[in-house]
Amino acid sequence: MVANPRARGFLPETWQLVRSVWKAMAISGRNLFRKPVTVHYPEKPRAYPDRYRGLLVLTTDMETGEENCIGCRLCEFVCPPAVIKVEMLKSEKRNYAKTFTLELYACEFCELCVQVCPTDAIVMTKSFDLATTDRRELLLDKDRLHALGFQHEASWATGNRLRDMQAPPKKVVAEKPTEAPVEKAGEA
Amino acid sequence: MVTVADVRTRVSSFAGAQVGEGDSPIAITIAPTDWLPLAVALRRELGFGFFSFMSAVDWKEDGLEVVAWVDNTDARLSVLMKTRLGVGVTNCASLVSEYRGANWMERECFDMFGIRFEGHPDLRRILLSDDWVGHPLLKSYDVDTPYPPYR
Amino acid sequence: MAAEISPRIKTELDYAGAERLTMNMGPQHPSAHGVFRAILTLEGETVVEVDAVIGYLHRCHEKLAETLAYVQYPSIASKTDYVAAMTSEHAYVMAAERIAKIDVPRRADYLRVLVAELQRVASHCLWLGTWCMDMGGALGGGATIFLYCIRERELVLDLFEKLTGARLLYGFHQVGGVRYDVPAGFAADCRQTIDLIEARLLEYEAMLEDNTFFLMRTRGVGVISRELAQEVGISGPLLRASGVDFDLRRDLPYSVYPDFQFKVPVETDGDCLARYTVRMVEFRESISIVRQILDGLPEGPISSRPGVKAVAQVRVPKGETYTRVEGPRGEVGCYLIADGGPRPYRMKWRGASFSNLAVLPFIIPGHSVADVVAIMGSVDPVFGEVDR
Amino acid sequence: MSPLPPAAVGTIAGVAVLLGVIGLVTYVTLLERKFAARMQSRVGPYRVGPHGLLQPIADAIKLMMKEDIVPREADKTVFNLAPVIFLIPCLLIFATIPFAPGLGIADLNIGILFFLAVSSMEIVGLFMAGWSSNNKYALLSAMRAVNQIISYDLPFLMAALIPVILAGSLKLGDIAAAQEGLWFIAYPVLGQLGFLAYIVASVAAENRVPFDILEAESELVAGFRVEYSGMKFALIQLGEYAHVLGTSFLGALLFLGAWAGPGPEWLGPVWFILKALLIFLLITWIRWSFIRIRVDQILQISWKLLWPASVILVIATAITVVVRSSNGG
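Going down the list, the sequences are from chains A, B, C and D.
Letter by letter, the first sequence follows residues 18 to 205 in our numbering.
Letter by letter, the second sequence follows residues 2 to 152 in our numbering.
Letter by letter, the third sequence follows residues -11 to 376 in our numbering.
Letter by letter, the fourth sequence follows residues -13 to 315 in our numbering.
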């Protein structure tokens, strides 16, 4: 395909020069009339796919208004850069998380914590502008995570859905209808 | 074409060389003294010209082990050369005279394990800064070092 | 550095004459492809000696691998070669599966090959773009081709974003299979994207192929001989451009590669132009493999082990293995020694760019500064893989 | 005679042209960025002002406000003087270009000679900048600059001579007038070849891609300008663009019949500026379509290809003019 003949001699070489000059400029010329692909970001936001992995938030159960997190610290152990720190608060019916800190500046967005969480408490959202002027703001604590949960739209991937998708052959769980009746994750 | 049998017969001539039974890599464990002669035999006589990688393993009390992987791309054969340096021994023969690719690999082994390779043109740290103390990949090098990760 | 310079070049350089100028190329240099410092000793414009300084991006992945479990490490493995994250994870996960003799369902293997080949297309797009940018200048024709290639690469990253949710580092592979299944409508988007890229390839070639300026800059520049190539252990497109017909996907097949037909391009002159030719053919071969996969994607589960539930979920019995994967830059290998616990005992990562870069001090002397940049671009090193 | 003494007319006209040129140069940078952006399927400056129209003004103000760093080891006087010496010839070349039959600062009868002589003076300022900033990259780029611009000014001279021979006068006004009926580019064979040689030589003389080894970012970071910042950098940038604009004005005048064009008489200067911008866009189009070639290859092209070709071209035009005039009478 590229075994172009070694153009030797004055005339074939200049002819090759002229032809290649014309072809290259024709391409960039033709591109002149194509629609530009860049989008003016702040005004027109980009369309995020369903499974987008953005900012991490803690979800609250819609009906009871209670937080989902039971402080089981599974996410703390599975997190490769160990950015999550949880303290469990034991109480009679179920446990709660006394404190839940997430160092967002070291998080790698690998979504292992979401996959491990038994109660879909921690979920990733479709928000992607995480820039702050001060590093300390990126040390998210529990109520900040809950507040963010209400602000941003959660992405499709929650713990149970991810585990079902990866479920081994034995119990082939019928794929739940994708539009679950009530979004368990906090809805904006 | 070189076959696995040729490799086995040639290697059996080295004293104290054990050859593993599998042949996807032909695992050859050899004494440190025959490290360079084995490489020479493999490359010149048996045509193992492709030098894939060289590294080391720290077996805690049993001392260090140097590992190298060479390939014969025409016969699609691979050899995993291993040699136990013995407890507390940290020097080994260098393969740079045979495989020029070993130059950087050996510098990395020195950087990470502290193995001094005799015959290496300029053995200095390649990945870490020159004033780094210690060799990180040794099991004795504890994980939380004085340099706290900046958080 | 006792670098043997071929006799022809040696005679030219040995004149006492002008004193030598040592110049620093990097680590903050527009064409350094990341953090790499070349201390060039110049006589006039020609380079006499190169001392490469690497290690600026060293995070000690091999020590990390001894502290992270089999479940956690794949998403860290993708950070070694961050331009082709899928192939790095594939190597690590396959090593653990081979020792523990875990079988992987066919659909998972097909998905792994699908993402690996899409990753090769995206990585070659980035290679062509940055190489032309190096040779052409940020305020010139190079930038035009760079932006065309980035425009195509973004399409492939959008596919990965639909599949996994992330654009660059995915954590897609897990021991025993993969974590994400193909969403609805993915196959249609995928076909549309690769058809568009194939059409755009013709445009790149029209701008470069028998373009006299391009040929002037690449023909006969940075020649790597067959023996030097094998001796230093360079692999992938570089090795095939120097005349060695060795492709891991075909010669030491892993995963489901035997199911697909694809051509392995081999050139003999080993210069920048040969490397360009090999990679352009690989572009098309990867696209044809993706098409073959989309036609024959089997149904069924995507993992033979339950989803990640706890850290110590995967335990690999005692044993060691070395798995090799054909990444866009060459052979990515993972030499794993397991001791039965949830964490590997020792993991040696063989980055393709580490050996590809090791050949530079042998081929650069005798070239001019402009050629050093062209050779660096054609070697296409990624420094996450070099420094690990 | 106008009421004002001739000196006053000269200065006012000079200041007017100077401001006009600086205004045009700033907006030409915007035109180039928009044109290049469209070619690379992106949008180009969009934020500052409606559709990015205020971008050049923002750039100018930014450069003025930027801190002006002089490297400690640099040779201070030469370092500070270099941008000025680089800028003067680039603006001086507009003196002899008549924008309309009478409208021009000084339509010397050796107009084109003055233009070419002054335009090759910029190399002095450039070399001073490269040498005095005590930086290896700048030094290398200054060395390259000297031999590239000198080796391309000769073919540039030859290419500019062709219309001169056809028109039979050095005066720019006469050359433009001589093209009344037939633009020199439309001249059967010699016109097209002459225009081609002119464009290639001018692209190389202003070290634009594919001959821009002067400030080859990937090798020499920013070439001789690497140590400059703030207002000095703006002066060098202004000088470079003014030089490109000057050459495209000259090209429009020599080959495209300066102000000839349909429409009433006073539309002449508008046609002239449009043609100049057309040539400028052609140079930009070339700039964004090719990759750069090596220094020794550039010199090879100049001495082995362009220089002999342009000399043969000039001889051929001379012969045709003599033959035409002898039998044409």
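If you're looking for bench data, these hints aren't it; they were derived computationally from the structure.
Among these hints, one or two may not hold up.
[To be verified] One side of the interface only, derived from the structure: several residues of chain A facing chain D at Cβ under 7 Å:
1. MET42
2. ALA43
3. SER45
4. LEU49
5. PRO53
6. LYS115
7. THR150
Owing to the predicted nature of the structure, the values given are computational and were not obtained by experimental measurement.
C-beta atoms are modelled at their ideal positions from N, C-alpha and C, and glycine is treated no differently.
Checked hints:
1. For A:MET42, the suggested interface contact is upheld, since its CB lies about 5 Å from the closest CB of chain D, less than 7 Å.
2. With a cut of 7 Å, the hint placing A:ALA43 at the interface with chain D is violated, because the nearest CB-to-CB distance is about 9 Å.
3. Because the beta carbon of A:SER45 sits about 4 Å from the nearest beta carbon in chain D, less than 7 Å, this interface hint is met.
4. Below 7 Å, beta-carbon pairs count as interface contacts, and A:LEU49 has one with chain D at about 5 Å; its hint therefore holds.
5. Evaluation of the A:PRO53 hint against chain D yields a held restraint, the C-beta minimum of about 5 Å falling below 7 Å.
6. Annotation: A:LYS115 was flagged as interfacial toward chain D, and the flag is violated, the nearest CB pair being 47 Å apart, outside 7 Å.
7. Violation of the interface hint for A:THR150 is found here, the shortest Cβ-Cβ separation to chain D being roughly 21 Å, above the 7 Å cut-off.
Of the numbered hints listed earlier, those contradicted by the structure are 2, 6, 7.
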